[in-house]
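Trainee: Here's the letter readout for the chains.
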Amino acid sequence: MKRFAIAGGFVVAVAVLALAPLCLGAYGLGLLIGLAGYVTLATAWALFSGPTGYISLATVAFVGIGAYCVAALSEVLPYPLVLLIAAAIGLAVALIVGLSTLRLSGVYFVIFTFGLAELIRQLVTFYEINVTGTLGRYIFLGITPEQIYWQLLALGVITLLLTWWIGRSRIGLALKVIGDDEVVASHVGIDIARTKLALFAVSAVIMTLVGAIQAPRWTYVEPAIVFNPTVSFLVLIMALLGGAARLWGPLLGAVPLFMLFEWLSANFPNHYSILLGLLFILIVFALPKGVLSFVEDNWMKRRGPRAADRSEARS
Amino acid sequence: MTTWHKRARSALGLSAILLFSVGGVSAIAQERTSVKIGYAVSKTGPNAGGAGITTIPNYVLWAKEVKDAGGLELPDGKRLPVEIIEYDDRSSAEEVVRATERLATQDKVDFIFAPWGTGFNLAVAPLFDRFGYPQLAVSAVTDKAPEFVKRWKKSFWLLGGGHDYTEALAGVLKQAKAAGTINGKIAMISVADGFGIDLVTAARPSFKKAGLEVTYDVTYPAGTTDFTPMINEAAKGGADTFVAFSYPPETFAITQQAQVAKFNPKVMYLGVGTGFPIYGKNNGANAEGIMSLGGIDPKNEANTAYRKRHEEVTGKAPDLWGSVITYASLQMLQEAIKRKGLDREAVSKELSTGTFKAVLGETKLENNQLRTLWFGGQWQNGQFVAIAPVDRPGAAKPILPKPVWQAK
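Protein chains in written order, with the numbering used here: chain A, 1 to 315; chain B, 1 to 408.
So here's chain A without its partners, still in its complex pose (with noise of 0.2 Å):
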């Protein structure tokens, strides 16, 4: 009943977010793309470092590549094409640096992950510099703001359920062992670097198309621009906030912090930055474990001392 329920509000919320851009303003609409897409990179970002603990920096790498794709082939391919090539690159790419990197643990990862975005910007760099002659590519695509943001909504739902899933498929089960403790998970029996492999494959594939719908709203691409580290930052803080390991987290974690940074910016334009850190400073003090374990901790205190006290011995 409870499951229908859940199923129930999930179909009405997609539903209620599909038509709002029909009576939002541009600035509305605008907001929606914004959250979107950070709400689909979290929830990518966590399908796999949530339950594995790999901390990655990679995000906007991947980002980055998709927008590339789109820039580079959209005169000369249909888009729907454009993506399904952005795809596969995006995914060759996530099989080659995976192969290469998912045995580094810890700091080693998560420095890799972080000179990827700049490595694979320098590439580009390069390839511009050598091959075509300039370094801007233009992107002149008659894709409404609607359109991109029904992409995003569709890709965002599409995460959203294969992170459901995997949660409950043996998959799953097998990240969450290995993100315990490695050493048990292969005397289990579990094939370590192929799982990881494969999640990092479908989290990355989900970011690279993150930045190609995202693309034409930007009309002119360069390097500088699409592999900005700061997306991966922003990400990897959503995330977190809201929780990474469960399903609902980064979704909780991106629409208040975006939510939050658009809201400084609108009426702190000189002080963002100051306010930004002080507030990063009050969450971790306040929140140390995410908005999602904050309430469900103070949800068993107002129920009662016994059912806080199982949720201890269960954590």
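Hints are computed from structural coordinates only; laboratory data are not their basis.
Every residue, glycine too, gets a C-beta built ideally from N, C-alpha and C.
Mixed in with the good hints, there may be bad ones.
Stated by the list, open to error - Chain B stretches covered by chain A per the calculated footprint, using a threshold of three residues with CB under 8 Å from any CB of chain A:
id : stretch
1  : 103-109
2  : 196-209
3  : 260-270
On the provided structure of chain A, position chain B as indicated by the hints.
Mentor: This is chain B only, laid out in the frame that chain A set:
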């Protein structure tokens, strides 16, 4: 299902009616008390350096001058105070797009000033077009302006394209070669980033057409600090003209390292940063003879007065390339509003067809582009004076060869 449909439709219809009526009422009932002008520009992030020199101080200066004059003048002679709404795009393309949407649809500003940078001006161009705002893009060097004007009728491109700058430089060098001052061999380095690539790609055909020979042509990654190997290589090839399409930090570094290496080409042309007042101040006598993009005509009194006011209001002198164009673009907009009022359509038309008396002198756009620009300048007696295009009246004669470095 059908009832839901009906309800949804009536709700949509109702909200549309509400929106419409609110809009209609406010338009009739409100007597204008101010003019709203907004802009989103990079106050933080990697683009803040450029925006903080060429763009923001001029917006601030203009707003103060209009305020001091008692407001923005309209065709009926009435003056309305200007309300400025500013946003920081944090050097992110997505952010500048959303901030522009906010200005147009939430703040409902009357006019929007352009952001800083080629990429950002292009990112917002479709929005300016869709919402019907004229876009006076200054800090955007692009050879594609004629195409953009066709695509976005209310866009104006005021700083020329890479090709213009390299043609102007080739003009200076051709003259010098004909006079026997230089041997026509060029060593050229460029930064592997937007500006450097555009310029070097345009320079190759320009030099070839002018009968000049490029003996050394390499790119370096942005952020390079050691130029000694490149300077040594450049010196070896027999070229006596050295060209660097560089960004500010590199421009300053090359100037210093060329002195250390005692590298004295007859022509030294450096990139962005050469036109900063601080460049002349820091390098003193050693700035003499160095060429770059931009330049000013020291005999233009309006410009001299502008530079003085800029320094008084913002506390620093404007750069000697884009700043004055930014300011001129605002003067043109102000004048167009004075002639046509707040009707954006009419103002855009006036901008593309009218003639304006701005700080640059009499200014008229050709096909929505400013074509009478100084594309090359040289430090002469402590001033960065315009020397190219060589055939434009008012161009100073280049001092060649460049004086040798003086020991400090």
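Trainee: Next, verify each hint and record whether it holds.
Mentor: Results of checking the hints against the structure:
no., hint, in the structure
1, 103-109, "holds (count 3)"
2, 196-209, "holds (count 3)"
3, 260-270, "violated (count 0)"
Hint 3 alone, counting from the list given before, is not met by this structure.
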